[in-house]
Amino acid sequence: MARASSPPSAQLLNLINYKGTICIDNREIRTVCPDFLRSQITTVTQGGIYLLGSVKFNLDPFDASLRPSTCIVTDAMCEAMLHRVGLWDIISARGDLTARMKDMRFSGGQRQLFQFARAMLHHHTMRTKIVLMDEATSSLDEETEARIATILSTAFAGCTKVVISHGAIALNSTDSIIRLNAGRAQLVR
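Residue numbers for the sequence shown follow my numbering, so the first one is 3 and each next one is one higher.
Calculated directly from the structure, the hints in this document are not laboratory data. Model, not experiment: these values are computed from the prediction. A virtual CB, placed ideally from N, CA and C, is assigned to each residue, including glycine. Do not rely on the hints blindly, as some may be mistaken.
As the list claims (entries may be wrong) - Below, simulated DSSO-like cross-link-like pairs (lysine-lysine); rule was C-alpha separation at most 27 Å, straight line: (1) Lys163 with Lys21; (2) Lys163 with Lys131; (3) Lys21 with Lys131; (4) Lys58 with Lys131; (5) Lys58 with Lys163; (6) Lys58 with Lys104.
What the hints assert, rightly or not - Derived Cβ-Cβ restraints for the label pairs, each shown as a range: (7) Gly22 with Val190: 19 to 27 Å; (8) Ala148 with Ser178: 19 to 27 Å; (9) Ile92 with Arg181: 33 to 41 Å; (10) Gly49 with Ala159: 20 to 28 Å.
Kindly generate the complete structure, drawing on both the sequences and the hints.
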């Protein structure tokens with residue numbers, strides 16, 4: 003949980019120049035190749051990044067060589083993730099997975115739902131254990147945010163989730179809440 007005057011992304015960026023150690027699977031992250039490290043962490047950001055290309059490419063822009071060799075992303079997998087977040091009907095009405103992403107003309111909330119579909123696909127294909135969410139539900143109404151919170155609790159079950167949010171719904175499903183203030187962590191719950 004970040005202070006209202008503190009941009010949540012800045013809190014996450016504070017981890018870049020951290021003191022001490024951060025280990026994943028007993029390996030200090032400073033010793034891991036950055037591309038491999040990024041492939042092992044699923045992220046959902048506030049605004050998201052969209053690339054030139056198709057809906058499918060934007061849903062799965064990751065380097066296939068970093069995936070387990072048994073995992074191939076199929077159209078059916080992509081459609082299933084988009085169904086889960088409630089976007090498939092919109093996408094299929096405007097084309098399909100081969101349609102240009104820029105032709106989707108998503109609202110802010112729809113862009114965030116797309117980010118969740120991308121994150122779930124990434125987690126499914128890479129078998130990630132860590133999920134970082136930075137104000138990932140800020141453009142969703144309360145009803146949609148609650149629905150997504152339920153989906154995420156099952157989609158990312160067993161994962162360590164770092165959720166940066168000002169919203170209460172996003173924090174309700176967490177085991178603990180830590181407030182970052184002036185570079186110090188304080189346990190709230």
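Distance restraint hint 20 to 28 Å, applied to the beta-carbon atoms of Gly49 and Ala159 = 26 Å, holds
Does Lys163 pair with Lys21 here, judged by a C-alpha cut-off of 27 Å?
-> Satisfied, since the Cα-Cα distance of roughly 21 Å is no more than 27 Å.
Straight-line Cα separation of Lys58 and Lys104 no greater than 27 Å?
-> 12 Å, holds
Is the Cα-Cα distance between Lys163 and Lys131 27 Å or less?
-> Judged against 27 Å, a Cα distance of about 8 Å means the pair holds.
Given hint Lys163 paired with Lys58 - CA-CA distance at most 27 Å = Holds: Lys58 and Lys163 sit about 25 Å apart, inside 27 Å.
Starting from the hint 33 to 41 Å, judge whether the C-beta atoms of Ile92 and Arg181 obey it.
-> 37 Å, holds
Compare the distance between the alpha carbons of Lys21 and Lys131 with 27 Å, and conclude whether the hinted pair is satisfied.
-> Within the cut-off at roughly 23 Å; holds.
Compare the distance between the alpha carbons of Lys58 and Lys131 with 27 Å, and conclude whether the hinted pair is satisfied.
-> 23 Å, holds
Is the distance from the Cβ of Ala148 to the Cβ of Ser178 consistent with 19 to 27 Å?
-> With Cβ atoms ~21 Å apart, the hint holds.
Assessment of proposed distance window 19 to 27 Å (beta carbons of Gly22, Val190) = 21 Å, holds
Of the hints listed earlier, there is not a single one the structure fails to meet.
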